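**Q** Spelled out from the first residue to the last, the chains are:
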Amino acid sequence: MSVRISRWLAEHWVLGVALLVLGYLFLPIGVVAGLSFNRPSSRLSYDFNEFTLDNWRNPCATSDMCDAVLRSVQIGFLATVVATVLGTLMAFALARHRFRGRSGLNVLIFLPMATPELVLGTSLLALFVSGGVPLGFWTIVIAHVMFCVSFVVVTVKARLSGMDGRLEEAAMDLYASEWQTFRRITLPLVLPGIVAAALLAFSLSFDDFIVTNFNSGTTVTFPMYVWGAAQRGIPPQVNVIGTAMFAVALLLVLATSLRGRRARRAAIAPAPRQVGGRP
Amino acid sequence: MARDTPAGDLRLANLTKTFGAFTAVDSLNLTIPQGSFFALLGASGCGKTTTLRMVAGLERPTSGQVLLGDRDIARLRPHKRPVNTVFQSYALFPHLDIFENVAFGPRRRGIRAVDEQVRQMLSLVQLDGYGRRRPAQLSGGQQQRVALARALINQPQVLLLDEPLGALDLKLRRQMQIELKRIQTEVGITFVHVTHDQEEAMTMADTVAVMNAGRIEQLGPPAEIYEFPATAFVANFLGQSNLIAGDVFGRSGSDLLVTAHGARFSVPAGRSRTDHGPVFVGVRPEKLHLADTAVQVPAGRQHLEGTVTDASYVGVSTQYLLRTGWGSELSVFVANSGAQQRFAVGDRAVAYWDPRHAFLLGRRADEEDRTIPVLDEPIGASS
Chain A
24 MSVRISRWLA EHWVLGVALL VLGYLFLPIG VVAGLSFNRP SSRLSYDFNE FTLDNWRNPC
84 ATSDMCDAVL RSVQIGFLAT VVATVLGTLM AFALARHRFR GRSGLNVLIF LPMATPELVL
144 GTSLLALFVS GGVPLGFWTI VIAHVMFCVS FVVVTVKARL SGMDGRLEEA AMDLYASEWQ
204 TFRRITLPLV LPGIVAAALL AFSLSFDDFI VTNFNSGTTV TFPMYVWGAA QRGIPPQVNV
264 IGTAMFAVAL LLVLATSLRG RRARRAAIAP APRQVGGRP
Chain B
5 MARDTPAGDL RLANLTKTFG AFTAVDSLNL TIPQGSFFAL LGASGCGKTT TLRMVAGLER
65 PTSGQVLLGD RDIARLRPHK RPVNTVFQSY ALFPHLDIFE NVAFGPRRRG IRAVDEQVRQ
125 MLSLVQLDGY GRRRPAQLSG GQQQRVALAR ALINQPQVLL LDEPLGALDL KLRRQMQIEL
185 KRIQTEVGIT FVHVTHDQEE AMTMADTVAV MNAGRIEQLG PPAEIYEFPA TAFVANFLGQ
245 SNLIAGDVFG RSGSDLLVTA HGARFSVPAG RSRTDHGPVF VGVRPEKLHL ADTAVQVPAG
305 RQHLEGTVTD ASYVGVSTQY LLRTGWGSEL SVFVANSGAQ QRFAVGDRAV AYWDPRHAFL
365 LGRRADEEDR TIPVLDEPIG ASS
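Residue numbers (our numbering), protein chains in the order written: chain A, 24 to 302; chain B, 5 to 387.
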């Protein structure tokens with residue numbers, strides 16, 4: 024009997040640990056999702072009081088919060104576009120061309136990722152102030168572009184270096200001009216890397232607090248709003264925004280993996296007839 | 005497009021490529037007749053792939069011309085050349101299915117209705133029905149055939165093949181050699197095939213050029229190169245040869261007389277690359293026969309005595325090493341036809357050959373005998 028139990032344990036303990044780790048990862052998200060349906064008893068209470076859909080019906084009940092969310096989305100979008108374009112170009116240069124200072128640049132690219140955000144934030148603030156740049160929306164965008172570029176470069180470069188250079192040679196050999204080669208071969212093959220980099224950049228920008236806090240002036244982004252609200256009691260709509268963000272991210276991931284699976288299945292489906300071996 | 009222009013021979017004129025101080029291809033002159041199956045054979049680093057890439061337009065020549073008919077294409081961009089390549093790694097586009105891979109060339113040239121053509125091509129390489137698969141779902145041999153179809157559909161004037169069978173296992177390679185030869189005969193396009201595999205080159209090509217250090221050492225039909233190599237390099241790169249160092253000391257009728265290690269030999273002048281000075285007397289291992297004593301050697305044959313130091317039984321033949329009086333070891337391949345007696349290690353034996361099967365090569369005065377020990381199977385031994 025005890026042998027059977029120990030064997031069952033031996034076969035299943037990995038699964039148990041995995042479930043525990045998953046629970047550890049998703050518990051906070053579950054709490055946020057749960058609280059988004061809560062009607063709090065008082066401003067400073069985080070206990071689950073009563074189920075309600077009011078928060079989801081009126082996410083913008085506290086109007087300044089929705090302004091902050093919108094602002095964060097705008098900043099995130101601008102920073103993502105600029106950082107992705109710049110970073111992709113840099114990645115191409117680093118992966119494809121030999122030039123002086125290339126190895127030095129490779130190291131420099133990592134610096135913004137390794138530097139503590141506090142240092143980045145304060146030094147940027149000093150730069151803006153001494154340069155007489157008024158703090159606000161655009162200084163936040165500039166700051167976000169700065170730290171997002173590194174992540175984009177690293178992500179796209181990884182994808183590029185895994186790509187066989189002969190594919191482009193083959194395309195040109197098959198009558199594709201430089202532009203056609205880029206459009207038909209290089210871009211489609213690197214695109215997953217670029218998309219991943221853009222998503223990463225957006226999420227970094229959207230929830231950045233430290234660097235933003237130093238360089239925002241009077242502009243309030245969503246993370247700053249939450250920080251400020253935490254002093255006075257967080258409105259339950261914050262949980263709605265958080266849950267919605269998570270749901271969007273989850274849907275994106277599901278959609279891509281589903282699409283990949285369908286493409287694979289479509290490719291396998293028409294079983295070709297086997298050709299008899301010729302001599 | 006390729007068919008409209010009058011095709012012609014592919015000619016390389018003084019083609020040179022240097023990388024810094026290194027000369028990869030050294031003023032190469034070569035004419036490849038239209039419709040032939042031509043093999044560039046050489047060890048890795050001999051410049052054969054660089055030559056191919058210059059013809060494809062993927063490498064810019066330092067100097068010289070690449071002529072197709074009368075037109076110099078050396079400075080054209082790759083997509084402007086009526087030349088297509090089958091890459092060593094196949095370089096199939098992983099994000100496109102087989103159909104789109106094959107249709108890639110025609111589509112770039114603005115051809116809309118490609119379906120019929122692609123279907124014909126896939127059927128030519130025996131991949132009917134595989135159009136909707138991705139390259140990753142195909143085996144190595146199938147990918148190889150897709151690469152071939154993708155290049156052939158464009159009906160290029162010249163098809164370049166860069167070690168196309170290198171990634172396949174031996175059995176599949178044999179099959180593809182025959183297949184390639186069949187397709188070449190069927191479509192009649194000039195094939196230029198780069199390989200380091202001498203057997204592959206000899207099986208398929210009408211003409212083989214042996215390349216070494218950026219230059220062509222010898223060019224000709226496989227049998228001619230094998231039977232009468234021009235240099236010591238060729239003699240041992242294409243199959244193996246016993247090269248015995250000697251000196252020409254005279255002439256007797258149509259034969260050249262040579263002394264080597266105190267013995268005298270003769271070689272027909274027609275099988276000599278030089279008629280004076282230091283030479284190598286060369287004999288292929290399978291042209292050597294073994295006998296117990298000099299008395300048994302038939303008339304008109306020349307012989308050497310030695311001791312058997314190694315005997316490897318490889319099925320179709322037995323490969324002996326025979327140590328001569330001066331210490332060199334000759335390779336002797338004796339066919340296991342059942343008529344031959346077997347020799348054991350340590351036996352004394354006499355190796356003899358027909359002087360018409362020997363050949364004479366020039367030699368630098370300081371060069372010693374060149375007899376390569378058996379490292380690889382001889383040509384034809386396993387087929």
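FYI, nobody ran anything at the bench for these hints, they're computed from the structure. Owing to the predicted nature of the structure, the values given are computational and were not obtained by experimental measurement. Be a bit skeptical, because a hint or two may be false.
[Said to hold, decoys possible] Listed below are several chain A residues computed to face chain B (Cβ distance under 10 Å; list not exhaustive):
id, residue
1, Asp90
2, Leu190
3, Ala194
4, Asp196
5, Pro211
6, Phe229
7, Ile233
[Claimed, not checked] Going by beta-carbon spacing under 8 Å, a handful of chain B positions derived as facing chain A:
id, residue
8, Pro82
9, His83
10, Phe91
11, Phe108
12, Arg112
13, Arg154
14, His293
15, Thr297
16, Gln300
Beta carbons are placed, not taken as given, at the ideal position from N, Cα and C, and that holds for glycine.
**Q** Hint compliance check: list the failing hint numbers for this structure, sorted ascending.
**A** Violated hints: 1, 6, 7, 14, 15 and 16; rest satisfied.
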